[in-house]
Amino acid sequence: MTIQTNLTDPLLTAEHWMEAGRAVAIATVIETWGSAPRPVGSHLVVDGDGNFEGSVSGGCVEGSVVTAAAEVIAAGKAQMLEFGVADETAWRAGLSCGGRIRVFVERLG
Amino acid sequence: MLRDSLQRLNAARRKRLAVVLLTDFRGEEHIFLEGDPVEPPFAALVEGAFRSGRSMAFNTIDASGFLNVYIPAPRIAVIGAVHISQYLTPMARLAGFDVRIIDPRTAFATRDRFPDVQMCTDWPVDALMADPLDCYTALVALTHDPKIDDFPLAEALHTGCFYIGALGSRKTHAARIGRLAAYGFGADALSTIHAPIGLDIGASNPAEIAVAILAQVIKALRTSSRQTMPA
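Chains as they are written, first to last, in the working numbering: chain A, 1 to 109; chain B, 1001 to 1231.
Here chain B stands alone, though its shape is the one from the complex (with noise of 0.2 Å):
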């Protein structure tokens, strides 16, 4: 691999950017961002690669080589600097997610809480318009507060996050659910939410709920139907 691929690949990748790279075997690379025009001999292959989510390699006529597709590492935004993100991210980290917690609460969102982790003090509405949420994240909402959490929730069904999840009982979540359909929500869209938040492992306390909840990220990955997600 030739220098300038690897930094234009990695540069991508840190954007959240699908990326193709394509190795010929003659010598030559190739580097294609979602969404650019491919050349013809190529075309059919890196669309192909985008689709499916599939690295293969491949022998044409023209060329042999394989190709590479990098789809961009699963995200889990997390709404609350709370005690339950504190256990949630290092183990999220760990799993292979990207995390980062938006909570416009300063008294909660302090780097002796949360050294080393993406965190933004904006409400979210601002934080998500900076940053948008996207196929590849999870949403998950810790704070309990409407006024923090409802508006990430519907910017979630709205984007199509590959999970929605809410802490709360089940008292708070029919609430949640009657505030949401004032926005337009339906019963199925409103449905997609995973609430009370969590597989139900019987979880009694904040790091046990991280599990719970990072368990349910994980099945929602693996086992929903799209098929573009990194092994």
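If we strip away everything but chain A, and leave its shape as in the complex, we get (with noise of 0.2 Å):
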């Protein structure tokens, strides 16, 4: 039997990438304040080539999740980020719904 399930669930795809035996980082946001545009729980997976799947913000941050997402697979060490309008990276990523996120990035294995 074929189980279907959403055609980019991020998590269905980090283990595909895992059993490829490619690196791979899962970000979740684990916090918002005001307007976000996704909710506390989404996940970003990216791989150690920089492919990604899901979204933790619709868009605006992921070039600076994916940066990290490098970082955390190259030391192995998990992340925090926040992202916000009176944050200048986030700002220049133009998170401008108005809101504050915060991301949790970590590798997987």
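To be clear, the hints were calculated from the coordinates, so they are not data collected in a lab. Don't be surprised by glycine CBs; every beta carbon is placed ideally from N, CA and C. Mixed in with the good hints there might be a few duds.
Stated by the list, open to error - To spell it out: a stretch of chain A is covered by chain B in this simulated footprint if at least three of its residues, at any positions, have a beta carbon under 8 Å from a beta carbon of chain B; those stretches are:
id: 1; stretch: 14-22
id: 2; stretch: 26-38
id: 3; stretch: 53-61
id: 4; stretch: 67-77
Said to hold, decoys possible - Below, a sample of chain B positions facing chain A; criterion: calculated Cβ distance under 8 Å:
id: 5; residue: 1001
id: 6; residue: 1007
id: 7; residue: 1033
id: 8; residue: 1056
id: 9; residue: 1064
id: 10; residue: 1066
id: 11; residue: 1069
Could you use the hints to bring the two separately framed chains together as a complex?
As structure tokens, this is what we get:
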């Protein structure tokens, strides 16, 4: 029996990548304040080449998350990222929705 | 996340079980299936997460971290491997629904017509015993044939499917209501069946009817009183 799931399920993607021997980082929205595009619990998964699946922000901070994921994969140490309008990086990345989000990025394995 | 955690998490999600992953910033992870006993420090957190469907960060005297609750993806059980189903299936999957099709008429339920979708050619009474409906499932009955549609409609009413819809004219539906009343359903329960099926957008071909059905399913999913549907 074929299991049908969401076509772009990030955690299933992460498992496929892991089985294929690829290094993987998992980013998770763990807190939001104000209006945030993706709810707490949303995932973005990234492999060692910067391929990614899922979303933690609707597109506006994913570049920064993918960069952090590369460091997390290399160093093995998890990172806590925070993006908001008061934050210069987020401003550059364009989190114009007015909210703040905290994203936990960890290595798989 | 540990490899083992990811595998256990995905295994539960593939089985359409609600599951919580608790990540403790001290480096521990715990996985709880709905109904599992939970160790004391986390019991209230985990039970609250299953009840509300809300993931959250936590900070207690003992620990800090976050927990993610994974509720099964909404699913559409389609009764009838008909022309509308051929359009509804890819549209619904793009919108994030699991789809399965049940039709005992093997002339309709063919791999040529439905490549790459979970399909069952048992009679609904057997198909739904093997793989029951649940409250995360929408039941869409499209055969027009009482022998095939009536049992799953009754089963959906019993189970509390978040959406129940049936194809057919008002006249056909009035006859259907009469038959289902004989199963013991009252007028209130029977009035929850959407028929004629789909939002009234003037749909006039199978693809447009599929859009109308999918829109009505999404409306039911997002505006119902249940708070535990995944985002």
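Could you work out which earlier hints the structure fails to respect and list their numbers in ascending sequence?
-> Those not satisfied are hints 3, 4, 7 and 9.
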